[in-house]
Amino acid sequence: MSEDHGHSDSHHHPEPLSPAEARARAIESLLVEKGLITTDAIDALVQMYEQDIGPLKGARVVARAWVDADFKGRLLADGANAIAEVGIESSGNQLVVVENTPTVHNLVVCTLCSCYPWAVLGLPPTWYKSFAYRSRAVLEPRAVLRDFGLDLDDSVDVRVWDSSAEVRYLVLPERPPGSEGLTEVELAGLVTRDAMIGVARVAALARAER
Amino acid sequence: MTRADERVGLMEGPSALPRKNGELLFEAPWEGRAFGVAVALSDEHLYHWEEFRARLIDEINRADASNASATYYERWLAALEALLTARGVITRAELDGRAAAYLSGERED
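Chains as they are written, first to last, in my numbering: chain A, 1 to 210; chain B, 1001 to 1109.
Everything labelled a hint here was simulated from the structure, so no lab data went into it. Here a beta-carbon is modelled for each residue, glycine too, at the ideal position from N, C-alpha and C. Misleading hints may appear alongside valid ones.
[Stated by the list, open to error] Selected chain B positions facing chain A (in silico; Cβ < 7 Å):
1. 1033
2. 1040
3. 1060
4. 1077
5. 1095
[Unchecked claim] Think about it this way: if two alpha-carbon atoms lie no more than 16 Å apart in a straight line, the pair counts; the simulated EDC-like pairs of lysine to aspartate or glutamate are:
6. A/72 to A/151
7. A/72 to A/85
8. A/34 to B/1006
9. A/34 to B/1094
10. A/72 to A/33
11. A/129 to A/162
12. A/72 to A/184
13. A/129 to B/1006
14. A/129 to B/1094
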């Protein structure tokens, strides 16, 4: 394919379009012409969904904390500042990271509405906003956890954190046994959204289904 | 700009968005555009998201029934075309003509 410097009306295209791509472009260009959408709005929307929808950012933070004790210390001391180190904006809220240990299990809820650490976890699951979860998580957290398949020993201290507009919580799950040989990236792949809300543990091998 | 819509992001079953490690997966840029157009039209109240989703499930089932190799976003695109032409937002002729112009290279932008 030749270069076409100075020939802006050239009909050369670097690669032929696939039929699907041609149809996608046809739809978008027709809708733009009809004034129903703008190209900029589509760009912004796609970018927002790509950034907002997944829990991967939170998983990266957790994996870093597992392999880097200094980072973990900073994360527990000031969550918003620490996640900025790994390139995540905290969206203006205070982020408190609470650590699970063999004797302490943390659970996050928002009893008033649906405050959620968007910056690190993306979209909240539907059940997080349900009245049942919001009301029961504080009153009977152990029963709620059992419903999620997590049966904690009575000796484990369960702490429930009620989110607000100002303060969002993220659970730092326990690193699973058997994960010693994994890299930071592989570890991030194990961390589920539910584990970072505190309704699940991180499993060493298969990613737990929701 | 509003934030991501749960009705879109949390679709389950066969219509669930393809993901990799929890995040959206687009195999080619046009898939992202097709995703964005369908969501934007719902945001603009051209249709309810459930209507689009019903069309998407129709297309998924249709392709599965005929053992078509169509990808998720090819089915998505077919659903979008079906909904927009059924609503008279664009005609099949307009769409075919414009797609042919892109395929031939007559149109590039």
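Right, here's what the structure says about each hint:
The interface hint given for residue 1033 of chain B is met, as the beta carbon of that residue sits about 6 Å from the closest beta carbon of chain A, less than 7 Å. With a least beta-carbon distance of about 5 Å to chain A, the hint placing residue 1040 of chain B at the interface is held under the 7 Å criterion. Among the interface hints, the one on residue 1060 of chain B is violated; its C-beta lies about 15 Å from the nearest C-beta in chain A, farther than the 7 Å criterion. A cut of 7 Å between beta carbons decides the hint on residue 1077 of chain B: the least distance to chain A is about 6 Å, and the hint holds.
The interface hint given for residue 1095 of chain B holds, since its Cβ lies 6 Å from the closest Cβ of chain A, which is under the 7 Å cut-off. Of the pairs offered as hints, the one joining residue 72 of chain A and residue 151 of chain A is violated, with about 27 Å between alpha carbons and a cut-off of 16 Å exceeded. This hinted pair checks out: residue 72 of chain A and residue 85 of chain A have alpha carbons roughly 12 Å apart, not beyond 16 Å. Note on residue 34 of chain A and residue 1006 of chain B: the hinted pairing is violated, with a Cα-Cα distance of about 28 Å set against a maximum of 16 Å.
Between the alpha carbons of residue 34 of chain A and residue 1094 of chain B the distance comes to roughly 12 Å, so the proposed pair stays at or under 16 Å and holds. At roughly 52 Å between alpha-carbon atoms, residue 72 of chain A and residue 33 of chain A are farther apart than 16 Å, so this suggested pair is violated. Distance check on the hinted pair: residue 129 of chain A and residue 162 of chain A sit about 13 Å apart at the alpha-carbon level, within 16 Å; holds. Simply put, residue 72 of chain A and residue 184 of chain A have alpha-carbon atoms about 13 Å apart, close enough for the 16 Å limit, and the pair holds.
Simply put, residue 129 of chain A and residue 1006 of chain B have alpha-carbon atoms about 11 Å apart, close enough for the 16 Å limit, and the pair holds. The suggested pairing of residue 129 of chain A with residue 1094 of chain B is violated, with an alpha-carbon distance near 43 Å, which exceeds 16 Å.
When the structure is compared with the earlier hints, violations turn up for hints 3, 6, 8, 10, 14 and for no others.
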